[in-house]
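Student: Model the placement of chain B on the given structure of chain A, informed by the hints.
Sequence order for the protein chains is A and B.
Each residue of the first sequence is one higher than the one before, starting from 1 at the first, in the working numbering.
Each residue of the second sequence is one higher than the one before, starting from 1001 at the first, in the working numbering.
Errors might be hidden in some of the hints.
Derived contacts from chain A toward chain B, CB cut-off under 8 Å, selection only [stated by the list, open to error]:
# : residue
1 : PHE172
2 : SER176
3 : GLN209
Covered by chain A, according to a simulated footprint, are these stretches of chain B (three or more residues, beta-carbon under 8 Å) [claimed, not checked]:
# : stretch
4 : 1188-1198
5 : 1202-1215
Bear in mind the hints are in silico, worked out from the structure with no lab data behind them.
Quantities reported herein were computed from a predicted structural model and do not represent experimental measurements.
Even for Gly, the Cβ is constructed at its ideal location relative to N, Cα and C.
Number of protein chains: 2
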Amino acid sequence: MVVGSMLHINGKPTVHFSCKSNHDRPSYIPKPTAVKMTTITTTTITTAPSILQPYWASLQADIEAHLKHVMPYKDPLVVFEPMHHLVFSAPRTTVPALCLAAGELLSGDRHQAMAAASALVLLLAANHTHEQIPSKPKPKPMSRPKSNTMSFRAFSPGIELMTGDGLIPFGFELLSRSCDSVQENSDRVLRVMIEISRAVGSKGLIDAQYKKKLLSESDGGESCHVERIMDIMEKNEGGLHACGASCGAVLGGGSEEEIERLRKFGFYVGMIQGMVNEGFWEEVEVVKDLAFKELQYFKDNNRDVDAISSFIIHV
Amino acid sequence: MVVGSMLHINGKPTVHFSCKSNHDRPSYIPKPTAVKMTTITTTTITTAPSILQPYWASLQADIEAHLKHVMPYKDPLVVFEPMHHLVFSAPRTTVPALCLAAGELLSGDRHQAMAAASALVLLLAANHTHEQIPSKPKPKPMSRPKSNTMSFRAFSPGIELMTGDGLIPFGFELLSRSCDSVQENSDRVLRVMIEISRAVGSKGLIDAQYKKKLLSESDGGESCHVERIMDIMEKNEGGLHACGASCGAVLGGGSEEEIERLRKFGFYVGMIQGMVNEGFWEEVEVVKDLAFKELQYFKDNNRDVDAISSFIIHV
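Okay, chain A solo, but in the shape it has when bound (with noise of 0.2 Å):
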């Protein structure tokens, strides 16, 4: 039992799916009933482990009372009132904490990596929001009508496309204040805007966004679909983990080594995520093993890996 082929190109790990016919679809889907778009419509943003381990729930709360502080209830209130309400309404992922998480590996210092932790947080709520305001016309009266599953909502459309609006912004704001001349960090801190800015946006998560839309729409093969999702999965869980880690390392003072690693690292921790999600149980197990053996590497140079491993730990 293999996950596909792990390959790695240009130092990113991805997983590869050749797009067959069902005939050819690979072995390991223990249930291929499964794939379902139903399953992949809720899966945008990475939920957050079921269980909430105390190292997660810990760095969380941390990441979480750091906006509380830069980001106050101020005038405009009309502003930030729908602002506040949607970064901290918005589910959580495992993405900021990672960014944590990576940066105390390296540094010993959990805060290291706060300013980018929390532009994660932030521009995930954007994305979020953003893609919970309808884009489709209501259904005709023809139509079959549906439960009402809708979810309950706050503000309106408006409000909400302009809130989103302004937390992009802010979240690079963050990190630009968070230049330190005493640090002389401004170079880590450009290179993690980089980072985030290619996760979230049109070669990432948007790329992920666009696809699972077209995936949505489209009525291809079973296993075409098990391609196409492991795809998405790759810029969305994978791509925004493998980001997190890697910011959290750039700003842990981490060698390139070591970035790499726990770029490597994040993106396992995401897979593993949305392969659980998906109910890809079997493929869970070994993209462990290899996140495993990115840490170990740590260890080897005497890193205490025990909190970060938490991270696969209990998925």
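Tutor: Only chain B this time, still in chain A's reference frame:
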């Protein structure tokens, strides 16, 4: 005849009007009946001067050529095609060109502030794209049918929403990548990011758009409308041009004095455009004088201000 009172608070010039009854309406409004909602709803993004001066047009052409170079048609086409369309079909503003002009004034190199000018194009295009997304439900069948004046939509609202979301981080990525280890300009680039984040963010352009939305729903007195229109104009046209000019000055290597003077000059350039759009003709000449006074400082220091002064001469 005075232009309200030009206040300088914390170095930021503001035009202050108190909200009074119609009886106390400032006497400088030549055509009070011209202050209508139909006017303000069309001026979210400052339109370029109707006469395209050679200098402005030349700067704009350079920026667009640069954008086409850094944003080629590439995979994923489903992402980059709408991205191109929405960037180059968005209304042009003089904000990015003013950024280049300020950089050129101080450094002698027109391309010194190209990254900031390009980022401004992308962020304003994203804002415009999102502003065009219909956020309200369609009018009820009983409503009076509107004339067919809807602008042509090349892409669905969903695609435009996502594309706008991709443009914003790409703008910040371009800026981050503009760091030059030879020039050691990372601190300048980070400062520019803060400037831009604030100008387009929740206390800047987004706040102006919230206020515009509230204004469009209000039934306040005319004089209140004037005050609120000016308030919106300060963050929209004024704030964006102040940002453009100050970013150019920062990247052009300006001193704090030069940066703040160009920020004020930019603010006046934007306010002049806003006032022209609103029909506040008599105030325009007053603000032009204020703008020229800022340029005089550079003239006194042997800078050639002929080119940049075209931003106010031809309005």
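Student: Next step is simple, just say for each hint if it's right about the structure.
Tutor: Structure-based check of all given hints:
1. PHE172: Holds. Min distance 5 Å.
2. SER176: holds (4 Å)
3. GLN209: holds (6 Å)
4. 1188-1198: Contact hint for the stretch 1188-1198 of chain B vs chain A: holds, 8 residues under 8 Å.
5. 1202-1215: holds (count 9)
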